[in-house]
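Student: Could you slot chain B onto chain A? The hints should help.
In case you want the letters, here they are:
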Amino acid sequence: MTSVRGGLPDVREIAETVTDPELPMLTLADLGVLRDVWVTHAGTVVVSITPTYSGCPAMDAMRADLKRALRDAGYEDVEVRTVLEPAWTTDWISSAGRAKLAEAGISPPHSAPIRAAGPIQLDLGATVRVLRCPQCGSARTEEQSRFSSTACKSLWRCRSCLEPFEHIKEI
Amino acid sequence: MGHSDHLDDYGDAYGAIAEDNNAQRWAFGSGFDDPLAGVDTSVPSEVDGTDLAAYCLMLGDDALILSHRLQEWVSWAPELEDDVAIANIALDLLGQARLLLARAGKADGTEREEDTYAYLRPASEFRNVALVELENGDFAHSLARLLVFSTFRLALLDQLRTSRDPVLAAIAAKGVKEVTYHRDYAARWMLRLGDGTPESHQRAADGMAAVWPCVGELFTPHEIELRLATAGVGVDPSTLRAEFDAVVAQVLSAATLQRPPDSASSATDGDTDAAGGRDGRHTEALTGLLQEMQGLARAHPEATW
Numbered sequence: 001m002t003s004v005r006g007g008l009p010d011v012r013e014i015a016e017t018v019t020d021p022e023l024p025m026l027t028l029a030d031l032g033v034l035r036d037v038w039v040t041h042a043g044t045v046v047v048s049i050t051p052t053y054s055g056c057p058a059m060d061a062m063r064a065d066l067k068r069a070l071r072d073a074g075y076e077d078v079e080v081r082t083v084l085e086p087a088w089t090t091d092w093i094s095s096a097g098r099a100k101l102a103e104a105g106i107s108p109p110h111s112a113p114i115r116a117a118g119p120i121q122l123d124l125g126a127t128v129r130v131l132r133c134p135q136c137g138s139a140r141t142e143e144q145s146r147f148s149s150t151a152c153k154s155l156w157r158c159r160s161c162l163e164p165f166e167h168i169k170e171i
Numbered sequence: 001m002g003h004s005d006h007l008d009d010y011g012d013a014y015g016a017i018a019e020d021n022n023a024q025r026w027a028f029g030s031g032f033d034d035p036l037a038g039v040d041t042s043v044p045s046e047v048d049g050t051d052l053a054a055y056c057l058m059l060g061d062d063a064l065i066l067s068h069r070l071q072e073w074v075s076w077a078p079e080l081e082d083d084v085a086i087a088n089i090a091l092d093l094l095g096q097a098r099l100l101l102a103r104a105g106k107a108d109g110t111e112r113e114e115d116t117y118a119y120l121r122p123a124s125e126f127r128n129v130a131l132v133e134l135e136n137g138d139f140a141h142s143l144a145r146l147l148v149f150s151t152f153r154l155a156l157l158d159q160l161r162t163s164r165d166p167v168l169a170a171i172a173a174k175g176v177k178e179v180t181y182h183r184d185y186a187a188r189w190m191l192r193l194g195d196g197t198p199e200s201h202q203r204a205a206d207g208m209a210a211v212w213p214c215v216g217e218l219f220t221p222h223e224i225e226l227r228l229a230t231a232g233v234g235v236d237p238s239t240l241r242a243e244f245d246a247v248v249a250q251v252l253s254a255a256t257l258q259r260p261p262d263s264a265s266s267a268t269d270g271d272t273d274a275a276g277g278r279d280g281r282h283t284e285a286l287t288g289l290l291q292e293m294q295g296l297a298r299a300h301p302e303a304t305w
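As given, the protein sequences belong to chains A and B, one line each in that order. So in our numbering, spot 58 of the first sequence is number 58, and the numbers just go up one at a time. So in our numbering, spot 81 of the second sequence is number 81, and the numbers just go up one at a time.
Simulated from the structure, these hints should not be mistaken for lab results. Among the clues, some could well be false.
[Claimed, not checked] To spell it out: a stretch of chain B is covered by chain A in this simulated footprint if at least three of its residues, at any positions, have a beta carbon under 8 Å from a beta carbon of chain A; those stretches are:
#1 78-85
#2 154-165
#3 171-178
#4 205-211
#5 241-250
The beta-carbon is built from N, C-alpha and C at its ideal position, and this holds for glycine as well.
Bound-form chain A, shown alone (with noise of 0.2 Å):
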């Protein structure tokens, strides 16, 4: 669904270059936000992106982002929909992505859970979780929080270098 014009670059490759305003170490196609990318008959650069979550406040920088990568490689005329259905899972992470996150020293999402019939399940805490502290590799890791500086994210520490960190937390 992509396509070259008139010498200039791949739609698809220059939207993949735009990278996340929060997360700045990833690209919005790391993270599976990034949906679609294509050229209609009219000429018009369309991208469609999801967001992470419904008040996720990066959207318009996002939106901008992307609108100005293309201009800037000649596209002028580009139109950036929102997509919610299907709603966006940590699963969409790339495994580019999962790297990056723990070079950053954010702990990488596992798989998301897996619904069970009927209605959701509370969960109060009993089961705990181990996690690697992304630091140092000690799994003597405990959660402070389940939100931390961004919606995606939940807070940890490492009871082994004493190291706070975030861990994108499964959705």
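Tutor: The following block gives chain B in isolation, referenced to the frame of chain A:
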């Protein structure tokens, strides 16, 4: 960084903010892009667009008003982690509200934008339940409300995932993931307070008792909810009560708290003071909240910031 570099970077901070091409870097204020840009917002067949818009306002206003009450906690919560958690929960609800208010403007054909609904309606046009508008009270009171609200909303959104309106279904599917975390947060705090010291136990019990009279309204169906439930678009809230009761019982039991008694009026009577929110009947608390939330937008109607 040298001193002169420092001046270069920060000397013109005002200019950096004011630069037009940088405005979208600043995630606050009004004038955001349409959150439904590029989404197909046509109304499903055999559905009344006015009903659908009103329903979106019910769900959207619940989220918007509770988001505002939660925002009032920021910098006042017992620990920094809770300031952060409550701000994140408020942000999720604000995001749900933005999508739902934008969907309302598309559904009734008025093309009103989210800001028009949020900033320019009087209290009598808000369709939220009383539960979300009441003053915060102490921390236990606010967390009891969050437990009740998120338990109700999670059950509701979970059913709404199969709505015949694909926009509502998508908003719900996303919201389910978020509200699951909200409910766990509130439930864990009720556990900690209820099964804590005599003082925290008493405050948790008082908080549950204070919010309980508002529970009946959540499950009293409005005629619009019933019509949309029949059309396969909305959810009849009375069908959610069993799941709500089971979850609340699980939390209260673990927290060594008693379920407050159902008052005769709140359980069944749709005409009490606590059951008129869906029709725009509200307490004084909403008026005060709106004065703060809408003050700037009403004083400067053309402004974006």
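Student: Would you mind marking each hint as holding or not holding in the structure?
Tutor: Going down the list of hints, with the structure as the test:
1. Coverage of a stretch by a chain is defined here by at least three residues with a beta carbon nearer than 8 Å to that chain's beta carbons; for the region 78-85 of chain B and chain A the count is 4, and the condition holds.
2. Figure legend: the region 154-165 of chain B, annotated as covered by chain A; annotation consistent (3 residues with Cβ-Cβ distances under 8 Å, at least 3 required).
3. Given as covered by chain A, the region 171-178 of chain B passes the check, having 7 residues with a CB less than 8 Å from a CB of that chain where 3 are the minimum.
4. Check on the region 205-211 of chain B: 0 of its residues sit with their Cβ under 8 Å from a Cβ of chain A, so the three-residue criterion for coverage is violated.
5. By the rule of at least three residues with a Cβ nearer than 8 Å to a Cβ of chain A, the coverage given for the region 241-250 of chain B holds, with 4 such residues.
Hint violations for this structure: number 4 only, all remaining hints satisfied.
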